[in-house]
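Trainee: Once you have looked at the hints, place chain H on chain U.
Residue numbers (my numbering), protein chains in the order written: chain U, 1 to 221; chain H, 1 to 291.
Everything labelled a hint here was simulated from the structure, so no lab data went into it.
On a predicted model such as this, the values are computed, not experimentally measured, just so you know.
Just so you know, even glycine gets a beta-carbon here, dropped at the ideal spot from N, CA and C.
Worth double-checking, as some hints may not be accurate.
Here are the computed lysine to any residue pairs in the SDA-like style, where the Cα-Cα straight-line distance is at most 20 Å [said to hold, decoys possible]:
(1) U:Lys146 with U:Gly29
(2) H:Lys179 with H:His99
(3) U:Lys146 with U:His129
(4) H:Lys179 with U:Thr63
(5) U:Lys146 with H:Gly181
(6) U:Lys146 with H:Leu98
(7) H:Lys179 with H:Leu98
(8) U:Lys146 with H:Gly96
(9) H:Lys179 with H:Asp224
(10) U:Lys146 with H:Gly183
(11) U:Lys146 with H:Ala95
(12) U:Lys146 with U:Thr63
(13) U:Lys146 with H:Met32
(14) U:Lys146 with H:Leu178
(15) H:Lys179 with H:Ala95
(16) U:Lys146 with H:His99
(17) U:Lys146 with H:Ala97
(18) H:Lys179 with U:Gln128
(19) H:Lys179 with H:Met32
(20) U:Lys146 with H:Ala63
(21) U:Lys146 with H:Ser180
(22) U:Lys146 with U:Thr62
(23) H:Lys179 with H:Ala63
(24) U:Lys146 with U:Gly165
The following label-pair restraints were derived from C-beta to C-beta distances [as the list claims (entries may be wrong)]:
(25) H:Pro238 with U:Ala166: 44 to 50 Å
(26) U:Thr81 with H:Pro238: 32 to 38 Å
(27) H:Arg265 with U:Glu127: 32 to 38 Å
(28) H:Pro41 with U:Asp61: 31 to 37 Å
(29) H:Gly268 with U:Val85: 37 to 43 Å
(30) U:Glu127 with H:Arg55: 30 to 36 Å
(31) U:Gly103 with H:Pro272: 30 to 36 Å
(32) U:Ala166 with H:Gln24: 34 to 40 Å
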Amino acid sequence: MSTTFLQQATDAALVPGAVVLDEYVEARGPWSAVVAAGDVLTIVDLDGNQAVDCLLYAAGDTTVRYSAPVTIAQQRSIVLTTGSVLRADTGLALMTVVADEVGVHDTIGGACSQESNTLRYGQHTREQHACVENFLIEGSRWGLGKRDLVSNINWFMNVPVDPDGALGIVDGLSAPGKRVALRAEVNTLVLVSNCPQVNNPCNGFNPTPVRMIVTRPENAA
Amino acid sequence: MTQTTDIPAGTATTAGARAHARDQHRRTADTMRHIPVATAPSSLTDALPDGAADRLVWSEALAFGRYTTLHLARGTRLRLTDTGDACVHTLLYRAGALHERFNAADTVKVPWQAYPGTGHPLLSDAGRVLATIVEDTSGSHDALTGATTLAGNMARYGAGTAHSASPAARELLTLGALKSGLGPRDVAPSLTLFKGIHVDADGGIRFTGSAGPGAHVDLLLQLDAVVVLANTAHPLDPRADFTGSTVGITAWRAPEDLAALAEGRLVGPLAPEHLQALNNTEHDLAARSTR
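Pulled out of the complex, with its shape left as it was, chain U reads as follows (with noise of 0.2 Å):
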């Protein structure tokens, strides 16, 4: 086991404060929350390279959720990192990266799907537990279905584009205990699919667990 795993939550956390929340995702489940306004979320890659697809909606309006498109418009780059602000499909900032160990997140490649594995992989992958599985049984905890996923956040993930246009899922950047941390600017609801996939790099054909921890900065509201 990691030693982060052992940590205690207040110095596990990227921003320090008050430990409001300190959860463990197991490898290959979902995981919400709402993080209020000002708190700050903490996404622990215990094992390293473990990509973790991330949805955010806004906690009052779940018909305001991220946009991919608009958030890397907005900053004119692909890659999240620290700095990037989280915005929804309608423009309002959802959450901003405060801190990030890492320094390439991805946000163009979206979730595993058993429909998409099909094509990526064969059709013998069907049956196996994809992102979009975790993604419909936790949004259906807060009233949401199909119609409300759309293109997400994979942290700790890394896909290129080449010069021609050909990108891919590589091999990630991030090691163990490598961190990213999140600011809420509304509160926000947070719905994770810890990766189950097992046919490319995404988590190193190792699903692994992460750690969610969400401190109040002192200086908080």
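Mentor: For chain H alone, coordinates are given in the frame of chain U:
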């Protein structure tokens, strides 16, 4: 139009109002849908492939700043023609099963290619092909930066609602979707045709603009589909003014192209991911058929 002499002039009476209204029939505008399609202007039909004009099912000149919704059958070939400065935000839904819709992430991830062009499948979220780009003389498209927003256009141009002078793409796409019984939740990330972007080595995005007048894109519909198109500015268009031009829309029946595509005779041999998607689509249609 023939008029009888006993209808009073003006619109103060029902007879006069009716005659006045009927007098307006058969007027035309530079941008409009051409119904019946036999009235399609030669400017839109002259450049079509041999035989296409005889099988035309759609003709429309869509103004910049407006939207349209097309319900098209499988085997239809949809051609969009750039008059020089068009920017067509595009969404597709499966007709009769509207929960199945265009998935932008799968559309770049599955074919391992960020820039849509000839041979690129437009994938649904159910692992099937809604349409394939079977011809493309533009080469300037964008699957990554999506639609402009009301807030963004307000800040940029001073207005952004659907009927303002500078409508945001999301406002127009939402209206188009609403007309087919869909709602804002169904307006997922869209595909933009005729305005390109490039991703630099560090992940930075550059706007590369248009290919110029006359470029066209042909989509071959693999499934009955609802196609929502909004012709409005690109989010990274650097020009201060809200600027763009008309897009020509034509469609014709081309069922023989379905087999040609699958057999590699239309755009060349298909990649394995594309073939799997075609197989998933054909399997689903066969399973649904009652014949």
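Trainee: Against this structure, judge whether each hint is valid.
Mentor: Verification of the hints:
1. U:Lys146 with U:Gly29: Holds, at about 18 Å.
2. H:Lys179 with H:His99: Roughly 15 Å between the alpha carbons, so the hint for H:Lys179 and H:His99 holds.
3. U:Lys146 with U:His129: holds, 16 Å
4. H:Lys179 with U:Thr63: Cα-Cα ~18 Å, so holds.
5. U:Lys146 with H:Gly181: holds, 16 Å
6. U:Lys146 with H:Leu98: holds, 11 Å
7. H:Lys179 with H:Leu98: The given pair, whose Cα atoms are some 12 Å apart, holds under the 20 Å limit.
8. U:Lys146 with H:Gly96: holds, 16 Å
9. H:Lys179 with H:Asp224: holds, 17 Å
10. U:Lys146 with H:Gly183: With a Cα-Cα distance of about 13 Å, the restraint between U:Lys146 and H:Gly183 holds, given a limit of 20 Å.
11. U:Lys146 with H:Ala95: Between U:Lys146 and H:Ala95 the Cα gap is close to 17 Å, so the pair holds against 20 Å.
12. U:Lys146 with U:Thr63: Given that 20 Å is the threshold and the Cα spacing comes to 12 Å, the pair holds.
13. U:Lys146 with H:Met32: The hint is violated at about 35 Å.
14. U:Lys146 with H:Leu178: holds, 17 Å
15. H:Lys179 with H:Ala95: Holds, at about 13 Å.
16. U:Lys146 with H:His99: This hinted pair holds, its Cα atoms lying about 7 Å apart.
17. U:Lys146 with H:Ala97: holds, 13 Å
18. H:Lys179 with U:Gln128: violated, 37 Å
19. H:Lys179 with H:Met32: OK: H:Lys179 and H:Met32 at ~18 Å, within 20 Å.
20. U:Lys146 with H:Ala63: violated, 33 Å
21. U:Lys146 with H:Ser180: holds, 18 Å
22. U:Lys146 with U:Thr62: holds, 13 Å
23. H:Lys179 with H:Ala63: Satisfied, since the Cα-Cα distance of roughly 19 Å is no more than 20 Å.
24. U:Lys146 with U:Gly165: violated, 29 Å
25. H:Pro238 with U:Ala166: 44 to 50 Å: violated, 27 Å
26. U:Thr81 with H:Pro238: 32 to 38 Å: At 24 Å between Cβs, range violated.
27. H:Arg265 with U:Glu127: 32 to 38 Å: With Cβ atoms ~34 Å apart, the hint holds.
28. H:Pro41 with U:Asp61: 31 to 37 Å: The hinted range 31 to 37 Å is violated for H:Pro41 and U:Asp61, with Cβ atoms some 45 Å apart.
29. H:Gly268 with U:Val85: 37 to 43 Å: holds, 42 Å
30. U:Glu127 with H:Arg55: 30 to 36 Å: violated, 42 Å
31. U:Gly103 with H:Pro272: 30 to 36 Å: holds, 33 Å
32. U:Ala166 with H:Gln24: 34 to 40 Å: violated, 54 Å
Taken one by one, the earlier hints fail for this structure at numbers 13, 18, 20, 24, 25, 26, 28, 30 and 32, listed in ascending order.
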